[in-house]
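Given the sequences, and given the hints that come with them, work out the whole structure.
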Amino acid sequence: MSNLKGKVAFITGAASKRGMGHAIALRLAREGADVVVTDKFAAPRSLFPGDEAWGGLDAIVGEIEALGRKALAATLDINASREIDGVVTRALNKFGKIDILVHAAAIRGPVGVPVVDLAEKDIRAIIDVDLVGSFLVTKALARAMIDRGEGGKIVIICSTAGLKGVPGSAAYGAAKWGTIGLTRSLALELAKYRINVNGINPGMFVTNLRDESFARMAEAQGVTWEEARKKDQDALAKMIPWGRLGTAGEIADLAYFLVSDQSAYMTGEVIVLGGGVT
Amino acid sequence: MLLKDRVAIVTGGAKGIGRGIALKFAAEGCHVVINALHIEGARKVAGEVEALGRRSLAIAADVSKSTEVSTMVDQTIERFGKIDILVNNAGGISLARGGAIDNTTEDDWDRIIDINLKGQFLCCRAVVPYMKKQKYGKIVNVSSMGAVHPPAPIIHYHSAKGGVLSLTSNLAFELARFNITVNCLLPGPVRSEFFNEMFQGAPDKEKEDFFERLGKRVPMQRMGTPEDIAGVALFLASDLSSYVTGESICVGGGLPLTPD
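If you're matching them up, the sequences are chains A and B in order.
Be aware that the first sequence starts at 88, since it is given in my numbering, and climbs by one per residue.
Be aware that the second sequence starts at 84, since it is given in my numbering, and climbs by one per residue.
Since the hints were made in silico from the structure, they are not lab data.
Just so it is clear, the structure is predicted and the values come from calculations on it, not from any experiment.
There may be inaccurate statements among the hints.
To be verified - Capping the alpha-carbon separation at 25 Å, the derived lysine-lysine pairs in DSS-like fashion look like this:
(1) A:Lys208 - A:Lys251
(2) A:Lys279 - B:Lys165
(3) A:Lys279 - A:Lys184
(4) A:Lys325 - B:Lys215
(5) B:Lys299 - A:Lys279
(6) A:Lys92 - A:Lys181
(7) B:Lys165 - B:Lys215
(8) B:Lys290 - B:Lys87
(9) A:Lys325 - B:Lys216
(10) A:Lys92 - B:Lys87
(11) A:Lys325 - A:Lys279
(12) A:Lys181 - A:Lys127
(13) B:Lys127 - B:Lys165
(14) B:Lys218 - A:Lys325
So, in structure tokens, the structure goes:
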């Protein structure tokens, strides 16, 4: 399989310890890429036991450099196009180009709240980050790739929530449906520039995305955070043909394939990664 | 190397996409059994696999006949002791009477369904016991973009390839607990021997002009190559896809999405 030596990757939503963005950044670095790691928060809190001292973006830069690659870290609010342009400019100044974008940044929003009870500010916040943010990030990076004229690879992390109804999380589901539409439209717009645009629909994964939900469950059930997490995930695992939740490393494997030469003729595809969940 | 010391059977491996997959797998460390209807073509590709430093075995078998499939699997086990990967690529089409329903005889239908759908069922059924036993397996079924977006009416072939999508999702569900992934890829237009029958006796330029016109209908503005398809088959046959199962992946340069 081709390696990524000499390539420059730009990752959003990279700072969570157990996050997909972090795993993808390390995977691409291990395959030879230099990596720009961005996140709204420099060091998001992880509630997993043992993660208390997590160093966020700075720690990831250290991990990438330990692999012999170069890294650039930046905090980035994907809702602010001027901020995105600033970070892209910094990345171009440091590396001279960006070959790969993996857009992983997203928020989950309230879980178990029906639309009739969902606050307008929550609806707007989720759509703004998960959908509008995806537009703004891909717009800026696609522009840089087009200007360079050497093609490129864009991977958008969507969700299986974008394939069906999601009662209790309608705004998240609607935003993720939107990211799939964005992926397919962008693929058609950018095909002539030899920029592949593909998406990943993760099923159920062990990440930090639901840390706060587990905290609320733990409080309601009078159990520890880890007990609440385990109970929830054991129940979810029974719904998955593969019998377990996915890992961030498995997302990283798929992302690596999608940014490699092996997927040169694939564009506009959104692949479900869910251990048989559809 | 992604497939070091794995053993794969590639059906329809003597030419086109099958040959591309066999050589890609061999380059990644895999020993490859090359199946084809006729032994000469299979032997040639088996030689190419061996030239890459891997072991190979050429087997002539009609995948639509269960006895021949069983013999193929027995020979593979006898030679290699295991089967890690099955690529169901063998397929065929006859356009002698076109593909419209009015001109499709019952015999045409049966034959094309047998080759393109029953053949995949028979090969899966024959290898699954070995994969279950070793608690590991990767099955890659080759469908066609025509299954979801027919470029022309070819009712028997496209129906068979549509059946492959259901075969894939059903089997993926059934085999998940045995650590066996089952996925499917849908190639778009690929420059291969697939089009030979259409251009039998025609000058090369006519074929090239056709390929160019077809390529322009693809968002990426070119036809695919066996190498393009083999790249995705490699992903699905490797442990990079260890949590991907039941998926059908289009490899068509942006098809079946259409810009208009």
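Quiz item: Okay, which hints does this one fail, numbers in order?
Solution: Of the numbered hints given earlier, those the structure breaks are 2, 8 and 11, listed in rising order.
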